[in-house]
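Participant: Take the sequences, apply the hints, and build the full model.
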Amino acid sequence: MIADLRRCVGCQTCTAACKHANATPPDVQWRRVLDMEVGEYPAVKRVFVPVGCMHCADPPCMHVCPTTATRKRADGIVTIDYDLCIGCSYCAVACPYQARYKTDVATFAYGEAMPSEAVRHDEKRLGVATKCTFCSDRVDAGLEQGLKPGVDHEATPACVNSCIAQALHFGDIEDPQSNVSQLLAENQFFRMHEELGTQPGFYYLWDKNEAGT
Amino acid sequence: MSYGPRPWQQTNWDWRAAANFMLGGTGAGLLFSSIFIQNSFPYPVILGLLLVAAGLGAVWLEIGRKLRAIHVFFNPFTSWMTRESLAAVLLFGSGISFLVFDQAALKYFTAVAALAFVYCQGRILRAAKGIPAWRAPQVVMLVMTTALAEGFGLLLFMQSDLLSLGIFAAAVLARAVAWSGYWSALEQPASRSALAAPGRSLMQAGTVAPLVLALGALYLPQAAPLAGLAVLLTGWWFKFVLVTRAALNQGFALPQLPVRGTR
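So the protein lines, in turn, are chains Z and X. If you count the first sequence from 1, position 97 lands on 97 in this note's numbering, and the numbers rise without skipping. If you count the second sequence from 1, position 261 lands on 1261 in this note's numbering, and the numbers rise without skipping.
Treat the hints as calculated values from the structure; they're not laboratory data. Any given hint could be a false lead.
[Said to hold, decoys possible] Listed below are the simulated SDA-like cross-link pairs for lysine to any residue, each with C-alpha atoms no more than 20 Å apart in a straight line: (1) X:K1066 x Z:E123; (2) Z:K148 x Z:N179; (3) X:K1066 x Z:D122; (4) Z:K72 x Z:Y101; (5) Z:K72 x X:F1101; (6) X:K1066 x Z:Y101; (7) Z:K45 x X:G1251; (8) Z:K124 x Z:A21; (9) Z:K208 x Z:R6; (10) Z:K72 x X:T1078; (11) Z:K208 x X:K1066; (12) Z:K72 x Z:Q177; (13) Z:K124 x Z:P25; (14) Z:K19 x Z:Q29; (15) Z:K45 x X:L1257; (16) Z:K124 x X:R1065; (17) Z:K208 x Z:Q177; (18) Z:K45 x X:G1064; (19) Z:K45 x Z:K208; (20) Z:K45 x X:L1254; (21) Z:K208 x X:G1251; (22) X:K1066 x Z:D104; (23) Z:K124 x Z:Y101; (24) Z:K72 x Z:R191; (25) Z:K19 x Z:D104; (26) Z:K124 x X:V1259; (27) Z:K208 x X:P1258; (28) Z:K208 x X:W1015; (29) X:K1066 x Z:L84; (30) X:K1066 x X:W1015; (31) Z:K72 x Z:D58.
Facilitator: So, in structure tokens, the structure goes:
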């Protein structure tokens, strides 16, 4: 996934779309947008930074998990098996991106579950670690129909689909012709806390490539 | 900077997790120290096993799906938590067997399992990449030496001969050296701030005072338990703070700011 920091306006539509798509309880935001002020007055900049599970190539959460509930798929998506997870939260403290949540009791937006919340409430998610799945069910269903993730909306994560500024992009980084590969080729980018060696699968664009300027 | 870049305290592991490091560490240290007991006195082994069990019981209270706790054994390939659990199985198996059969070999095996247990505890912290105060490599030696010093400290309540006092002093000094190495490597200001007081205590009330008391115990044996108590309490305080209040994440960082508009 790619977040173009030059384009993100901090509208939180991706956050809302994620909550809608994944029925996450209050206080759980698999996709968040940080509102960061950087610098000292008068040279202050405001930056909106989408964060969440970075689906690392070398995910510390997977290595520390004592139950093998956290796994990595061949396509790079890091998943959690809710039937295996014991909710020890070791993955949560191992994650440098604060991407994991554990909810021990069911909570709803207005105390009692509204009909829409009751229908989508999932007991399996209580007492276990949860996080962004890159909408893997949606991606899988799209792939089964022969669709292309990142290009066809039916095979693309909800946050990316909802982004009003086209700041978020999703695709196959191993395909040099893919939308994300092209963006990375044309722009300068970084990954969060790269020094930790987790090799995040989430790239932040911050400027045009020197060659393209 | 606003919320996001500034580190904040993790809330996933609380006093229950800390109790595992405190009680489990002391218990394992005591089990290891029991090999220096000259007779088949079983109480250190009993107390050590009880402490480790209490620590594991506390951390069991913290997990979200308690009835699935057996799943903790599923990932010995990469998870130090699984390895800690396996070490605990060996520790209890050999410790209880020693109490039943009273074979010296079983006591030595228990001591090795106890060492493995605390080593795993140290590696558990080191593998937590999200917490700078834990992931420092020096934390492993610190956790191990703290456990051993506490174990030998507790042993002084039961036996305070010259050998016990000598090994106790060596363990306390080793803990002080490990703390110095860890403190030098710890860079995160908020973690340093949280650990400053327990660290001072570890060096003063937990190192200097016990060594003086241990020396005094050569002439006045009643001073030995006091030395042990000082090491025990300062070690517990340190580990409690390390697992709770000093456990801040590193927030988010932007190595580059977005370039917008014309340049």
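Participant: Work down the list of hints and note, for each, if the structure agrees.
Facilitator: Each hint tested on the structure:
1. X:K1066 x Z:E123: holds, 15 Å
2. Z:K148 x Z:N179: Roughly 11 Å separates the two Cα atoms, so the pair holds.
3. X:K1066 x Z:D122: holds, 18 Å
4. Z:K72 x Z:Y101: OK: Z:K72 and Z:Y101 at ~18 Å, within 20 Å.
5. Z:K72 x X:F1101: Outside the cut-off at roughly 46 Å; violated.
6. X:K1066 x Z:Y101: The given pair, whose Cα atoms are some 17 Å apart, holds under the 20 Å limit.
7. Z:K45 x X:G1251: Status holds; Cα separation ~18 Å.
8. Z:K124 x Z:A21: Judged against 20 Å, a Cα distance of about 17 Å means the pair holds.
9. Z:K208 x Z:R6: The given pair, whose Cα atoms are some 10 Å apart, holds under the 20 Å limit.
10. Z:K72 x X:T1078: holds, 14 Å
11. Z:K208 x X:K1066: violated, 51 Å
12. Z:K72 x Z:Q177: violated, 24 Å
13. Z:K124 x Z:P25: Holds - the C-alpha atoms of Z:P25 and Z:K124 are around 13 Å apart, at most 20 Å.
14. Z:K19 x Z:Q29: With a Cα-Cα distance of about 7 Å, the restraint between Z:K19 and Z:Q29 holds, given a limit of 20 Å.
15. Z:K45 x X:L1257: Given that 20 Å is the threshold and the Cα spacing comes to 8 Å, the pair holds.
16. Z:K124 x X:R1065: holds, 10 Å
17. Z:K208 x Z:Q177: Status holds; Cα separation ~18 Å.
18. Z:K45 x X:G1064: At roughly 41 Å apart (the allowed maximum being 20 Å), X:G1064 and Z:K45 break the hint.
19. Z:K45 x Z:K208: holds, 19 Å
20. Z:K45 x X:L1254: Distance ~12 Å between Z:K45 and X:L1254 Cα, so the pair holds.
21. Z:K208 x X:G1251: Given that 20 Å is the threshold and the Cα spacing comes to 26 Å, the pair is violated.
22. X:K1066 x Z:D104: At roughly 11 Å apart (the allowed maximum being 20 Å), Z:D104 and X:K1066 satisfy the hint.
23. Z:K124 x Z:Y101: Given pair Z:K124, Z:Y101 holds - Cα atoms ~14 Å apart, limit 20 Å.
24. Z:K72 x Z:R191: Since the Cα atoms of Z:K72 and Z:R191 sit roughly 19 Å apart, the hinted pair holds (cutoff 20 Å).
25. Z:K19 x Z:D104: Holds, at about 18 Å.
26. Z:K124 x X:V1259: Roughly 43 Å between the alpha carbons, so the hint for Z:K124 and X:V1259 is violated.
27. Z:K208 x X:P1258: holds, 10 Å
28. Z:K208 x X:W1015: violated, 48 Å
29. X:K1066 x Z:L84: holds, 12 Å
30. X:K1066 x X:W1015: holds, 17 Å
31. Z:K72 x Z:D58: holds, 9 Å
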